[in-house]
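Visitor: Sequence:
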Amino acid sequence: MSELEKDTLKKVSDPGRFINVDEYSPEELQSLSKLYSESFRDIKEGEIIAGTIVGISGENVVVDVGFKSDGTIPKSEFNATEEIKIGNKIDIVIESVEDEEGNLVLSKKRADFLKVWGRVMDAYENEKIIPGRILKRIKGGMVVDLIGIEAFLPGSQIDIRPVRDFDAFVGQTMDFKIVKVNIPTENIVVSHKVLIEETISDQRKEILEKLEKGQILEGIVKAITDFGVFVDLGGVDGLI
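Numbering (the numbering used here), first residue to last: 1 to 240.
It is worth saying that the hints were derived from the structure and are not from the lab. There's no promise every hint is true.
Okay, derived cross-link-like pairs now, DSS-like style, lysine-lysine, Cα gap no bigger than 30 Å in a straight line [said to hold, decoys possible]:
{"#": "1", "residue 1": "LYS75", "residue 2": "LYS109"}
{"#": "2", "residue 1": "LYS44", "residue 2": "LYS109"}
{"#": "3", "residue 1": "LYS180", "residue 2": "LYS128"}
{"#": "4", "residue 1": "LYS210", "residue 2": "LYS193"}
{"#": "5", "residue 1": "LYS85", "residue 2": "LYS115"}
{"#": "6", "residue 1": "LYS85", "residue 2": "LYS109"}
{"#": "7", "residue 1": "LYS68", "residue 2": "LYS128"}
{"#": "8", "residue 1": "LYS89", "residue 2": "LYS44"}
{"#": "9", "residue 1": "LYS89", "residue 2": "LYS115"}
Bear in mind that the values here come from a model prediction, so they are computed numbers and not experimental data.
With the hints as constraints, model all of the structure from the sequences given.
Guide: Below, the structure is given as C-alpha coordinates:
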(Lines of atoms letter the chains of each structure in order from A and count residues from 1; the text may use other names and numbers.)
(Lines give C-alpha, C1' and ligand atoms only; values in the text may rest on other atoms or scores of the structure.)
Protein backbone atom coordinates (compact mmCIF):
# COMPACT_ATOMS: atom_id res chain seq x y z
CA MET A 1 0.00 0.00 0.00
CA SER A 2 1.36 3.42 -0.98
CA GLU A 3 1.79 6.32 1.49
CA LEU A 4 -1.08 8.15 -0.22
CA GLU A 5 -3.37 5.15 0.30
CA LYS A 6 -2.30 4.88 3.94
CA ASP A 7 -3.02 8.57 4.57
CA THR A 8 -6.40 8.34 2.81
CA LEU A 9 -7.34 5.24 4.78
CA LYS A 10 -6.34 6.95 8.03
CA LYS A 11 -8.64 9.89 7.28
CA VAL A 12 -11.71 7.70 6.75
CA SER A 13 -10.97 5.06 9.40
CA ASP A 14 -12.96 6.87 12.10
CA PRO A 15 -16.46 5.26 11.94
CA GLY A 16 -18.10 8.29 13.55
CA ARG A 17 -16.62 10.75 11.14
CA PHE A 18 -18.77 12.22 8.34
CA ILE A 19 -16.96 12.10 5.02
CA ASN A 20 -16.99 15.30 3.02
CA VAL A 21 -15.61 14.78 -0.46
CA ASP A 22 -14.56 18.45 -0.58
CA GLU A 23 -11.89 17.64 2.00
CA TYR A 24 -10.06 15.34 -0.41
CA SER A 25 -7.83 16.04 -3.33
CA PRO A 26 -8.53 14.35 -6.68
CA GLU A 27 -5.61 12.03 -5.99
CA GLU A 28 -7.02 11.07 -2.58
CA LEU A 29 -10.49 10.45 -4.04
CA GLN A 30 -9.00 8.22 -6.70
CA SER A 31 -7.06 6.33 -4.03
CA LEU A 32 -10.21 5.99 -1.92
CA SER A 33 -12.13 4.62 -4.89
CA LYS A 34 -9.38 2.10 -5.51
CA LEU A 35 -9.39 0.98 -1.88
CA TYR A 36 -13.18 0.62 -2.00
CA SER A 37 -13.07 -1.54 -5.14
CA GLU A 38 -10.30 -3.73 -3.76
CA SER A 39 -12.27 -4.40 -0.59
CA PHE A 40 -14.67 -6.61 -2.57
CA ARG A 41 -14.05 -10.17 -3.67
CA ASP A 42 -13.18 -10.82 -7.30
CA ILE A 43 -15.85 -13.35 -8.16
CA LYS A 44 -16.42 -15.36 -11.31
CA GLU A 45 -19.60 -16.81 -12.73
CA GLY A 46 -19.95 -20.56 -12.29
CA GLU A 47 -17.61 -20.94 -9.34
CA ILE A 48 -18.54 -22.20 -5.87
CA ILE A 49 -17.89 -19.69 -3.11
CA ALA A 50 -18.89 -19.28 0.53
CA GLY A 51 -21.54 -16.77 1.50
CA THR A 52 -23.21 -15.58 4.70
CA ILE A 53 -26.95 -15.30 5.25
CA VAL A 54 -27.61 -11.69 6.19
CA GLY A 55 -31.39 -11.49 5.83
CA ILE A 56 -34.66 -13.24 5.05
CA SER A 57 -37.20 -11.48 2.85
CA GLY A 58 -40.43 -13.32 2.13
CA GLU A 59 -39.57 -16.43 0.11
CA ASN A 60 -35.99 -15.30 -0.50
CA VAL A 61 -32.80 -15.53 1.53
CA VAL A 62 -30.36 -12.61 1.28
CA VAL A 63 -26.71 -13.66 1.07
CA ASP A 64 -23.51 -11.64 1.38
CA VAL A 65 -20.71 -13.02 -0.79
CA GLY A 66 -18.28 -10.13 -0.33
CA PHE A 67 -19.36 -8.43 -3.54
CA LYS A 68 -20.59 -4.88 -4.08
CA SER A 69 -24.18 -6.03 -3.63
CA ASP A 70 -25.89 -8.90 -1.86
CA GLY A 71 -27.64 -11.68 -3.74
CA THR A 72 -30.82 -13.63 -3.05
CA ILE A 73 -31.64 -17.33 -3.09
CA PRO A 74 -35.17 -18.80 -3.07
CA LYS A 75 -36.02 -20.66 0.13
CA SER A 76 -37.06 -23.58 -2.08
CA GLU A 77 -33.38 -24.30 -2.78
CA PHE A 78 -32.83 -25.28 0.86
CA ASN A 79 -33.57 -28.79 2.08
CA ALA A 80 -36.32 -29.24 4.65
CA THR A 81 -33.72 -30.26 7.25
CA GLU A 82 -31.52 -27.18 6.70
CA GLU A 83 -31.85 -24.28 9.11
CA ILE A 84 -32.15 -20.88 7.47
CA LYS A 85 -30.59 -18.57 10.02
CA ILE A 86 -28.91 -15.18 9.77
CA GLY A 87 -25.17 -15.61 10.18
CA ASN A 88 -25.06 -19.14 8.77
CA LYS A 89 -22.40 -19.91 6.15
CA ILE A 90 -23.49 -21.61 2.94
CA ASP A 91 -21.87 -22.58 -0.35
CA ILE A 92 -23.36 -20.98 -3.43
CA VAL A 93 -22.66 -20.61 -7.14
CA ILE A 94 -22.51 -17.26 -8.93
CA GLU A 95 -24.86 -17.79 -11.87
CA SER A 96 -24.70 -14.17 -13.03
CA VAL A 97 -22.78 -11.17 -11.69
CA GLU A 98 -25.49 -8.92 -13.09
CA ASP A 99 -28.84 -9.86 -14.58
CA GLU A 100 -31.14 -7.62 -16.66
CA GLU A 101 -32.13 -5.74 -13.52
CA GLY A 102 -28.58 -5.40 -12.28
CA ASN A 103 -28.93 -8.00 -9.54
CA LEU A 104 -26.40 -10.60 -8.41
CA VAL A 105 -27.85 -14.04 -9.20
CA LEU A 106 -26.92 -16.85 -6.81
CA SER A 107 -27.83 -20.54 -6.55
CA LYS A 108 -27.39 -22.89 -3.63
CA LYS A 109 -29.02 -25.75 -5.53
CA ARG A 110 -26.36 -25.53 -8.24
CA ALA A 111 -23.58 -25.51 -5.65
CA ASP A 112 -25.02 -28.64 -4.03
CA PHE A 113 -25.19 -30.30 -7.45
CA LEU A 114 -21.60 -29.46 -8.37
CA LYS A 115 -20.26 -30.81 -5.09
CA VAL A 116 -22.01 -34.13 -5.69
CA TRP A 117 -20.96 -34.06 -9.36
CA GLY A 118 -17.34 -34.04 -8.20
CA ARG A 119 -17.92 -37.27 -6.27
CA VAL A 120 -19.65 -38.81 -9.28
CA MET A 121 -16.75 -37.95 -11.60
CA ASP A 122 -14.28 -39.41 -9.10
CA ALA A 123 -16.27 -42.66 -9.03
CA TYR A 124 -16.39 -42.73 -12.84
CA GLU A 125 -12.72 -41.97 -13.43
CA ASN A 126 -11.52 -44.44 -10.79
CA GLU A 127 -14.14 -47.13 -11.54
CA LYS A 128 -15.51 -47.05 -8.01
CA ILE A 129 -18.72 -48.76 -6.95
CA ILE A 130 -21.38 -46.26 -5.95
CA PRO A 131 -24.74 -46.93 -4.23
CA GLY A 132 -28.01 -45.71 -5.70
CA ARG A 133 -31.76 -46.00 -5.24
CA ILE A 134 -34.08 -46.77 -8.14
CA LEU A 135 -36.71 -44.03 -8.25
CA LYS A 136 -39.00 -44.86 -11.14
CA ARG A 137 -39.42 -46.61 -14.45
CA ILE A 138 -39.14 -44.69 -17.70
CA LYS A 139 -38.93 -45.64 -21.37
CA GLY A 140 -35.93 -47.86 -21.91
CA GLY A 141 -34.97 -48.28 -18.29
CA MET A 142 -35.01 -46.76 -14.82
CA VAL A 143 -34.14 -43.48 -13.08
CA VAL A 144 -31.64 -43.87 -10.24
CA ASP A 145 -30.88 -41.45 -7.41
CA LEU A 146 -27.09 -41.46 -7.31
CA ILE A 147 -26.10 -39.63 -4.07
CA GLY A 148 -28.36 -36.75 -5.03
CA ILE A 149 -28.02 -36.77 -8.83
CA GLU A 150 -30.37 -38.61 -11.17
CA ALA A 151 -28.79 -41.22 -13.46
CA PHE A 152 -30.17 -43.49 -16.18
CA LEU A 153 -30.12 -47.28 -15.75
CA PRO A 154 -30.86 -49.02 -19.08
CA GLY A 155 -33.19 -52.00 -18.78
CA SER A 156 -30.49 -54.24 -20.22
CA GLN A 157 -28.05 -53.22 -17.47
CA ILE A 158 -30.10 -54.31 -14.44
CA ASP A 159 -29.30 -58.04 -14.44
CA ILE A 160 -27.53 -60.69 -16.50
CA ARG A 161 -30.92 -62.36 -16.98
CA PRO A 162 -33.78 -60.72 -18.89
CA VAL A 163 -35.97 -58.62 -16.59
CA ARG A 164 -39.69 -59.28 -16.86
CA ASP A 165 -41.03 -57.00 -14.11
CA PHE A 166 -39.21 -53.64 -14.06
CA ASP A 167 -41.61 -52.16 -11.51
CA ALA A 168 -40.41 -54.68 -8.94
CA PHE A 169 -37.08 -52.84 -8.81
CA VAL A 170 -38.59 -49.43 -7.95
CA GLY A 171 -37.51 -48.38 -4.47
CA GLN A 172 -34.63 -50.85 -4.30
CA THR A 173 -31.14 -49.72 -3.30
CA MET A 174 -28.22 -51.45 -5.00
CA ASP A 175 -24.65 -50.88 -6.09
CA PHE A 176 -23.78 -49.49 -9.51
CA LYS A 177 -20.85 -48.69 -11.69
CA ILE A 178 -20.92 -45.55 -13.83
CA VAL A 179 -20.34 -46.62 -17.42
CA LYS A 180 -20.88 -43.33 -19.26
CA VAL A 181 -20.84 -39.61 -18.44
CA ASN A 182 -21.82 -36.85 -20.84
CA ILE A 183 -20.24 -33.75 -19.30
CA PRO A 184 -21.91 -31.08 -21.50
CA THR A 185 -25.41 -32.41 -20.80
CA GLU A 186 -24.54 -33.72 -17.30
CA ASN A 187 -26.13 -37.08 -18.12
CA ILE A 188 -24.99 -40.24 -16.33
CA VAL A 189 -25.51 -43.88 -17.33
CA VAL A 190 -25.03 -46.63 -14.72
CA SER A 191 -25.01 -50.42 -14.72
CA HIS A 192 -25.62 -53.09 -12.10
CA LYS A 193 -25.12 -55.87 -14.62
CA VAL A 194 -21.40 -55.20 -15.02
CA LEU A 195 -20.89 -55.75 -11.28
CA ILE A 196 -22.60 -59.15 -11.51
CA GLU A 197 -20.45 -60.04 -14.51
CA GLU A 198 -17.29 -59.00 -12.67
CA THR A 199 -18.27 -61.16 -9.68
CA ILE A 200 -18.93 -64.17 -11.92
CA SER A 201 -15.64 -63.60 -13.73
CA ASP A 202 -13.74 -63.51 -10.43
CA GLN A 203 -15.47 -66.69 -9.24
CA ARG A 204 -14.71 -68.41 -12.54
CA LYS A 205 -11.05 -67.45 -12.32
CA GLU A 206 -10.82 -68.72 -8.74
CA ILE A 207 -12.45 -72.07 -9.65
CA LEU A 208 -10.25 -72.58 -12.71
CA GLU A 209 -7.14 -72.00 -10.62
CA LYS A 210 -8.20 -74.79 -8.24
CA LEU A 211 -9.25 -77.35 -10.85
CA GLU A 212 -7.00 -80.37 -11.25
CA LYS A 213 -7.13 -83.42 -13.48
CA GLY A 214 -8.85 -86.32 -11.72
CA GLN A 215 -10.48 -84.07 -9.13
CA ILE A 216 -13.97 -85.07 -7.94
CA LEU A 217 -16.49 -82.20 -7.90
CA GLU A 218 -20.19 -81.74 -7.30
CA GLY A 219 -22.22 -79.91 -9.92
CA ILE A 220 -25.75 -79.03 -10.96
CA VAL A 221 -27.13 -80.20 -14.29
CA LYS A 222 -28.10 -77.10 -16.28
CA ALA A 223 -29.09 -78.57 -19.63
CA ILE A 224 -29.29 -81.82 -21.51
CA THR A 225 -28.64 -81.83 -25.24
CA ASP A 226 -28.14 -84.43 -27.98
CA PHE A 227 -24.37 -84.16 -27.66
CA GLY A 228 -24.02 -84.09 -23.88
CA VAL A 229 -24.96 -82.67 -20.49
CA PHE A 230 -23.99 -79.20 -19.27
CA VAL A 231 -23.07 -79.04 -15.58
CA ASP A 232 -22.63 -75.91 -13.44
CA LEU A 233 -19.60 -76.27 -11.20
CA GLY A 234 -20.30 -73.05 -9.31
CA GLY A 235 -19.38 -70.42 -11.88
CA VAL A 236 -17.85 -72.65 -14.55
CA ASP A 237 -19.86 -74.83 -16.93
CA GLY A 238 -18.63 -78.30 -17.79
CA LEU A 239 -19.73 -80.70 -20.53
CA ILE A 240 -20.21 -84.41 -19.98
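Visitor: Compare the structure with each hint and give your call.
Guide: Each hint tested on the structure:
Taking the CA atoms of LYS75 and LYS109, the gap is near 10 Å; set against the 30 Å cutoff, the hint holds. Taking the CA atoms of LYS44 and LYS109, the gap is about 17 Å. The hint holds against a cut of 30 Å. Proposed proximity of LYS180 and LYS128 is supported: the alpha carbons are some 13 Å apart, at most 30 Å. A hinted pair counts as satisfied when its Cα atoms are at most 30 Å apart, and LYS210 with LYS193 qualifies at roughly 26 Å.
Proximity of LYS85 to LYS115 is assessed by CA-CA distance (about 22 Å); at most 30 Å being required, the pair is judged to hold. At roughly 17 Å between alpha-carbon atoms, LYS85 and LYS109 fall within 30 Å of each other, so this suggested pair holds. At roughly 43 Å between alpha-carbon atoms, LYS68 and LYS128 are farther apart than 30 Å, so this suggested pair is violated. For the hint pairing LYS89 with LYS44, the CA-to-CA distance comes to about 19 Å; that is within 30 Å, so the pair holds.
At roughly 16 Å between alpha-carbon atoms, LYS89 and LYS115 fall within 30 Å of each other, so this suggested pair holds.
The structure fails to meet hint 7 from the earlier list, while all remaining hints are met.
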